[in-house]
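A.B. asks: From first to last, the protein sequence lines are chains E and P.
Using the working numbering, you'd call the opening residue of the first sequence number 1 and step up by one each time.
Using the working numbering, you'd call the opening residue of the second sequence number 1 and step up by one each time.
Careful: at least some of the hints might be erroneous.
As the list claims (entries may be wrong) - Computed far set for chain E versus chain P, every beta-carbon distance over 12 Å: (1) Asp17; (2) Ala20; (3) Val27; (4) Thr49; (5) Arg59; (6) Arg84; (7) Gln85; (8) Gly98; (9) Val100; (10) Lys150; (11) Glu169; (12) Arg178; (13) Gly224; (14) Glu282; (15) Ser287.
To be verified - What follows is a set of in silico ranges between Cβ atoms, one per label pair, in the way DEER data are often shown: (16) Ser190(E) <-> Arg4(P): 33 to 41 Å; (17) Arg62(P) <-> Glu151(E): 14 to 22 Å; (18) Gln14(E) <-> Ala77(P): 50 to 58 Å; (19) Asp187(E) <-> Val48(P): 27 to 35 Å; (20) Val48(P) <-> Glu63(E): 51 to 59 Å; (21) Leu191(E) <-> Pro18(P): 34 to 42 Å; (22) Val48(P) <-> Ala281(E): 40 to 48 Å.
What the hints assert, rightly or not - Chain P is faced by these chain E residues, among others (derived, beta-carbon under 7 Å): (23) Thr184; (24) Arg202; (25) Thr203; (26) Ile205; (27) Leu206; (28) Asn209; (29) Asn241; (30) Gln245.
Rather than coming from a laboratory, the hints here were simulated on the basis of the structure.
On a predicted model such as this, the values are computed, not experimentally measured, just so you know.
All C-beta atoms in this analysis are idealised placements derived from N, C-alpha and C, irrespective of residue type, glycine included.
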Amino acid sequence: MAQLLGFGAHLPEQVLDNAALAAEFGVDPAWILHACGIETRRVAAAEETVVDLAEGAARVCLERCGLAAAELGGIVVGTGTPQRQFPGVSASLQQRLGAVGIPAFDIHLASVGGFFALATAVELCRSYGPILVVGAERMSRVMAREPRIKETAILFGDGAGACIVAPGEGPLSVVDIRMQSDGTFADQLSLESDGPLAMDGRTVILQANRKLRQSIGELLARNGLTAAEVDLWLFHQANLNLLRQVGKGLGIAEDRVYVNLARYGNTSAASLFIAAAEAQAEGRFRSGHAVLAAFGAGMGWGSALVKVR
Amino acid sequence: MDIRLAVRDAIQNIAQEPLPDDDSGSLFSEGVIDSFGLVELVSELEHVLGVKVPDDELIPSRFETVDKIVAYFQARA
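Pulled out of the complex, with its shape left as it was, chain E reads as follows:
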């Protein structure tokens, strides 16, 4: 058994709204809102790196959990936008936190990176103790590459989220967690070293809807629960239309799904923990069950059941 001690988030200050993107692409701002449910995104300053974002979220998370960096047993960072090939964001983060001597590594996945890092930490914490898990992305660096395409440029934002996973039971116990991958459609959502993001939106939506519903359906069945018995749903904040469609397919009441997509856009690997941090700060983790789920490039996906007490 593993538990989530708490969450943290860090968002850059600069705000990019739909009016600016609409002007650039010659579309109506209402079209952007209709297409993805996003109103604003955060964009890192020129000198702000993905490590800066990761560090910000990590420090907030450590403080909220009342833990010192020296007490960590490991660091796992999920990111699709590291600033260099190697070593990873985790190495720089470890250096800044001064938590040397513990394992620190990246999981180089985008939207599902935070979730895969979480699932890895659930296993790792049994041997190493509390694991700092971070999802961090500087998507604006990728989005700046030419040619800029409106369908992707409107979606993404920068940010970081963090979580600490520790062994044992607690107020947020991870009852079940599973990650899955299928490389059949790997090329339909991909990023070459210096190229623009390549996304076949129709394939991604078809696969995401199918895989998320399957994963969550199996998760609930394994644990003898129905969707109606889950009090809080935390998804990777990909696109509001996708969240609604998955929710509708599973029979989830909309008011139980935590959504902050309108404010931050799709922050890829960071989004799940940013949402969790805000949900926790707002007291949304109430006694019962919560489900966390994500889908992303790879394709990779997964879901987790958390018992809340």
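Since chain E is already given, all that's left is putting chain P on it; use the hints.
C.D. replies: Structure of chain P alone, referenced to chain E:
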């Protein structure tokens, strides 16, 4: 069951634009269904026609025109 009729009915229920008269016309480029409409359409046709589309066959081009959709489901009926 008339698969073509079922396909056209399902599209009509989801369509954002009138269905083209030509069954070989692209439902995507004509704006008849978007990405999310495509998910609904596949789900609805699986239900109505009793055919499960395997994950690796969930490829948008298979469902781009009425003709292609009909051919796909006829082959699996």
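A.B. asks: Now look at each hint and say whether the structure bears it out.
C.D. replies: For each hint, the structure was consulted:
no. : hint                               : result
1   : Asp17                              : 23 Å, holds
2   : Ala20                              : 24 Å, holds
3   : Val27                              : 14 Å, holds
4   : Thr49                              : 33 Å, holds
5   : Arg59                              : 38 Å, holds
6   : Arg84                              : 34 Å, holds
7   : Gln85                              : 31 Å, holds
8   : Gly98                              : 45 Å, holds
9   : Val100                             : 44 Å, holds
10  : Lys150                             : 14 Å, holds
11  : Glu169                             : 35 Å, holds
12  : Arg178                             : 16 Å, holds
13  : Gly224                             : 25 Å, holds
14  : Glu282                             : 28 Å, holds
15  : Ser287                             : 34 Å, holds
16  : Ser190(E) <-> Arg4(P): 33 to 41 Å  : 36 Å, holds
17  : Arg62(P) <-> Glu151(E): 14 to 22 Å : 21 Å, holds
18  : Gln14(E) <-> Ala77(P): 50 to 58 Å  : 55 Å, holds
19  : Asp187(E) <-> Val48(P): 27 to 35 Å : 32 Å, holds
20  : Val48(P) <-> Glu63(E): 51 to 59 Å  : 54 Å, holds
21  : Leu191(E) <-> Pro18(P): 34 to 42 Å : 38 Å, holds
22  : Val48(P) <-> Ala281(E): 40 to 48 Å : 45 Å, holds
23  : Thr184                             : 5 Å, holds
24  : Arg202                             : 4 Å, holds
25  : Thr203                             : 6 Å, holds
26  : Ile205                             : 4 Å, holds
27  : Leu206                             : 5 Å, holds
28  : Asn209                             : 5 Å, holds
29  : Asn241                             : 5 Å, holds
30  : Gln245                             : 6 Å, holds
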